[in-house]
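From first to last, the protein sequence lines are chains A and B.
Heads up: the first sequence at position 205 corresponds to 206 in the working numbering, and the numbers run straight through without jumps.
Heads up: the second sequence at position 46 corresponds to 51 in the working numbering, and the numbers run straight through without jumps.
Think of the hints as simulated: they come from the structure by calculation, not from any bench.
Glycine is no exception: its CB is placed at the ideal position from the N, C-alpha and C atoms.
Hints are not guaranteed to be accurate.
[Stated by the list, open to error] According to the in silico footprint, chain A covers these stretches of chain B (three or more CB under 8 Å from chain A):
no.	region
1	54 to 65
2	70 to 84
3	146 to 154
4	178 to 185
5	218 to 229
[Stated by the list, open to error] Anything over 10 Å on all C-beta distances counts as not near chain A; from chain B, calculated:
no.	residue
6	F44
7	A211
8	E213
[Unchecked claim] Calculated pairs, DSS-like style, for lysine-lysine (alpha carbon to alpha carbon, straight line, at most 30 Å):
no.	chain 1	residue 1	chain 2	residue 2
9	A	K349	A	K247
10	A	K336	A	K301
11	A	K247	B	K41
12	A	K349	A	K15
13	A	K31	B	K41
14	B	K41	A	K99
15	A	K130	B	K66
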Amino acid sequence: MSMGKNAISTESLKRREEALELSGWGLPFKFFQPHNLCFWVFVVVMAGGLVGMFEFYSGSGRQLAPAIGVGTVSVAIYGLIFVAILRLSDHYERQPRKLVLTAFLWGGIAATFAIAVTANNAMLAIYPKLFGQAFGTDWGAALSAPFTEETAKAGGFILLLGLAPRLIRSPYDGIFIGAFIGLGFQLFEDVLYSYNTALTAFGVDQAGVAFSTFLARAGTGMFSHTLYTALFCCGIIYAVGTPLQKRRLGLGISLMALAMAAHGIWDGAAALGDGSSVGLLGAALVGVASLVAVLISLHKTVPEERDFLRSILQPELELGTISAEELDAVCAPRKARRRFIRDGRGRKRHRRRKHLLRATLDLAHEIARARGGESEGVAHERAEITRLRGKSSPEPPEKMGATPVSEPTSA
Amino acid sequence: MPDGHNPGEDAGSSVGVSLTPTGRVPVEHRFLGLDKRTFLPALIVVGIFVFWAVLVPAVNKQLEYGQTTRAGDVFQLAPGLTMDAQQGWGVESGLLVTDTTRSNAPGGTVSLDNGGVTLEVMPGQFSGTPEELLPHIEKVTVPATEGKSVHFEGDVESFKSSQGDSGVAQGFTTLAGEGLVIAMVFGHTGLQVVASGPEAALRGKADEIEQMIDSISYDAKKAAGTR
Numbered sequence: 002m003s004m005g006k007n008a009i010s011t012e013s014l015k016r017r018e019e020a021l022e023l024s025g026w027g028l029p030f031k032f033f034q035p036h037n038l039c040f041w042v043f044v045v046v047m048a049g050g051l052v053g054m055f056e057f058y059s060g061s062g063r064q065l066a067p068a069i070g071v072g073t074v075s076v077a078i079y080g081l082i083f084v085a086i087l088r089l090s091d092h093y094e095r096q097p098r099k100l101v102l103t104a105f106l107w108g109g110i111a112a113t114f115a116i117a118v119t120a121n122n123a124m125l126a127i128y129p130k131l132f133g134q135a136f137g138t139d140w141g142a143a144l145s146a147p148f149t150e151e152t153a154k155a156g157g158f159i160l161l162l163g164l165a166p167r168l169i170r171s172p173y174d175g176i177f178i179g180a181f182i183g184l185g186f187q188l189f190e191d192v193l194y195s196y197n198t199a200l201t202a203f204g205v206d207q208a209g210v211a212f213s214t215f216l217a218r219a220g221t222g223m224f225s226h227t228l229y230t231a232l233f234c235c236g237i238i239y240a241v242g243t244p245l246q247k248r249r250l251g252l253g254i255s256l257m258a259l260a261m262a263a264h265g266i267w268d269g270a271a272a273l274g275d276g277s278s279v280g281l282l283g284a285a286l287v288g289v290a291s292l293v294a295v296l297i298s299l300h301k302t303v304p305e306e307r308d309f310l311r312s313i314l315q316p317e318l319e320l321g322t323i324s325a326e327e328l329d330a331v332c333a334p335r336k337a338r339r340r341f342i343r344d345g346r347g348r349k350r351h352r353r354r355k356h357l358l359r360a361t362l363d364l365a366h367e368i369a370r371a372r373g374g375e376s377e378g379v380a381h382e383r384a385e386i387t388r389l390r391g392k393s394s395p396e397p398p399e400k401m402g403a404t405p406v407s408e409p410t411s412a
Numbered sequence: 006m007p008d009g010h011n012p013g014e015d016a017g018s019s020v021g022v023s024l025t026p027t028g029r030v031p032v033e034h035r036f037l038g039l040d041k042r043t044f045l046p047a048l049i050v051v052g053i054f055v056f057w058a059v060l061v062p063a064v065n066k067q068l069e070y071g072q073t074t075r076a077g078d079v080f081q082l083a084p085g086l087t088m089d090a091q092q093g094w095g096v097e098s099g100l101l102v103t104d105t106t107r108s109n110a111p112g113g114t115v116s117l118d119n120g121g122v123t124l125e126v127m128p129g130q131f132s133g134t135p136e137e138l139l140p141h142i143e144k145v146t147v148p149a150t151e152g153k154s155v156h157f158e159g160d161v162e163s164f165k166s167s168q169g170d171s172g173v174a175q176g177f178t179t180l181a182g183e184g185l186v187i188a189m190v191f192g193h194t195g196l197q198v199v200a201s202g203p204e205a206a207l208r209g210k211a212d213e214i215e216q217m218i219d220s221i222s223y224d225a226k227k228a229a230g231t232r
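Looking at chain A on its own, in the form it has when it is part of the complex:
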C-alpha cells in the first residue's frame, strides 16, 4: 500500500466495507441463475403470462388494434412519468435497471395474465353462485382483487427476494421494487381495460373509448397498484426480516392488510357508499392512509440509507475529494440539500453546487460498484468533482489535492 499525504483511516475503510456488505449497494443483478429454483419458477410463470396475454388479445386483438394502440401509447407516456418519479425518489442508491425491469415485467405479464385474470374470473363467478347476483355485483370485485392481485404481485417480489437477497434488504427496497411490480400491473391492466371497454362498445369509436377509459383510470392512478404493492412488499420485508431489518411480524402483516384493505375499499367504494360518493371519499381516505404509511416507512428507513452513503463517502473526505460540508449535504434530507445548493448568491453558483452534489452521489455509486476499491469509474468521478470545483473555485475542501491511497478492498 502506498501512503499519500492524506491517508484514509483503517476505521473509515472498515466502515465503508461494512456498509457495502450490509447494503448490497453497487452489486449487479444477475437474472440467469439455473441453480436457483426461484429463477425457474419465474420463467415458467412468466411464460404462462405471455401465453395468457396472447390468448386474451387473440380473439379480437386485430379488430380492436386502435383501442389497444391508443391504450398502450397513453399508458406508456403515463408510465414514463411514474418511472421518472419513482427513480428520482430513489435518491440514495438506485436499484439496478435489470432488477427494476424484471419486477415491472412480473407485474405486467406474469401477475396479470398468468394469475390475476384467471383467478378474478373464477372468484367473480363464485360469489354470485354462493351469495346471489346482487351480492356478486356489489362485492365481487372488492372481495376478489385484493386477494388475487396482491398475492399475485407479491409472488414476484418473493421470487426476487430469492434471486437477489443482497439487493432487497430494507423496507426502502421493498417499497421501490414493490412499486415497480405494481406499476407494471397497473399499466398492463389499463391497456386491458381499454380493450374491454372498446369491446363492450362493440368496437365503435375505439380511440375515443380507449382514451376516456385511460383518463378515468389515470386520474386515480396515484391510489392504485403502485401504492398498494409498494406497501404490501414493504410489509413482506418487515414480516420476513433481513440482515438490515429485524423481523417485525405484526407490523409487516398490518402493512400488508392495509394494502389489501385499501384495494378492497377502492373496488367496493360504490357499494360501501350505497351508490353515493361517500364510498369514494372513504376509499380516497384509506388511499391517503396507505400513502402516509408508505411515507412513514420511507421516513424511518431513509436515515439508514444516509448512514450507508456517509460511510461510503467518509474516506473521500479524509482523502480530500470532498469537503465536510459537501458530505453533510449529500447525506442530508432534501430540504437541507436545497439549503446547501442555495447557499450564497448567483444562479451559476447554485447550479454548480447542485452539480457537485450530483457528482458526489455518482462517486458513491462508482465506489459501491467497485466494492470500495479503485476503478476507472471511481477515478473519473473524482476527476469530475475536481473539474466542477474548478468551475466554482472559491470553496476548495480542506484536503484538496490528495491522491487516492487505498488499494481495492475487494474485487
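Take the given structure of chain A and dock chain B to it, following the hints.
Chain B only, in chain A's frame:
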C-alpha cells in the same frame, strides 16, 4: 424465504445461490443440482399460482348455479331495458329488476345456461340501426367470446319483436356447435344477443330463446330518468 444469513453467498454478486469455485452448489445444499435454500420462496410462489390459477377455477367449475330462473323473473339489462326470463335457466350473471344492489347497478349483461345452451344478452353504448350494429358484433365482440373458429353463414334476417322493436339476426357455426347472433338498438343502447350450443340442444331451446328475445322491452322514460 431468505433470512439474510446466507453463509456462502458470493460476496461480489447479488445472486441468491452461493456456488463453489467450481460452479456447483455446495453438496449439503444440493438437490438435483438446485440449491435447496431457494426452495421455500419458489414453492410459496408455486403455491400462490396453483391456488389461484388451478384450484379456485376448479372449485368454480364444481359449483352449481346458485340461482335458476323462475316464472315471472325479469332481468334488468340497462336503465329502462328489461327481458322476461323463461323458467329453469341457470343464471351465470344478470340482475333481476327485483334485485337491490347497494351500488345502484343499472343492470348489465345477462348470461344464462340450460342443457348446454348458453344465451348471452349484452348491452352497450351504440347509436345507429341494428343493421349497422350487426357487422360490429360479428367482427369484434363475437370472436372475442366464441373464438376465431366462428363462421357466420346464411342471410341476415330482419325481424320485429312482439313489442314492435326491430332487429337483425344471422346464424354461425363454431367447432363446438352452432349459434345465432342478434342485434337490436334501443335509444342509445345497442343489444347483442348470442345463443349457442350443440345443434340438437339449441333447436330444443329455440322457442324459449325466441320468447325471451321477444320479451325485451324498452321504456324510454325510465331510461331518461336514470341518466
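Cross-check of the supplied hints:
1. 54 to 65: Since 7 is at least three, the answer is holds.
2. 70 to 84: holds (count 3)
3. 146 to 154: Held - the region 146 to 154 of chain B has 6 residues with a Cβ nearer than 8 Å to chain A, which meets the minimum of three.
4. 178 to 185: Violated - the region 178 to 185 of chain B has 0 residues with a Cβ nearer than 8 Å to chain A, which falls short of three.
5. 218 to 229: violated (count 0)
6. F44: violated (5 Å)
7. A211: holds (25 Å)
8. E213: With a cut-off of 10 Å, B:E213 remains clear of chain A, as the shortest Cβ separation is near 20 Å.
9. A:K349 to A:K247: This hinted pair is violated, its Cα atoms lying about 45 Å apart.
10. A:K336 to A:K301: Since the Cα atoms of A:K336 and A:K301 sit roughly 17 Å apart, the hinted pair holds (cutoff 30 Å).
11. A:K247 to B:K41: holds (24 Å)
12. A:K349 to A:K15: Between A:K349 and A:K15 the Cα gap is close to 38 Å, so the pair fails against 30 Å, i.e. violated.
13. A:K31 to B:K41: holds (19 Å)
14. B:K41 to A:K99: Cα-Cα ~25 Å, so holds.
15. A:K130 to B:K66: Roughly 11 Å separates the two Cα atoms, so the pair holds.
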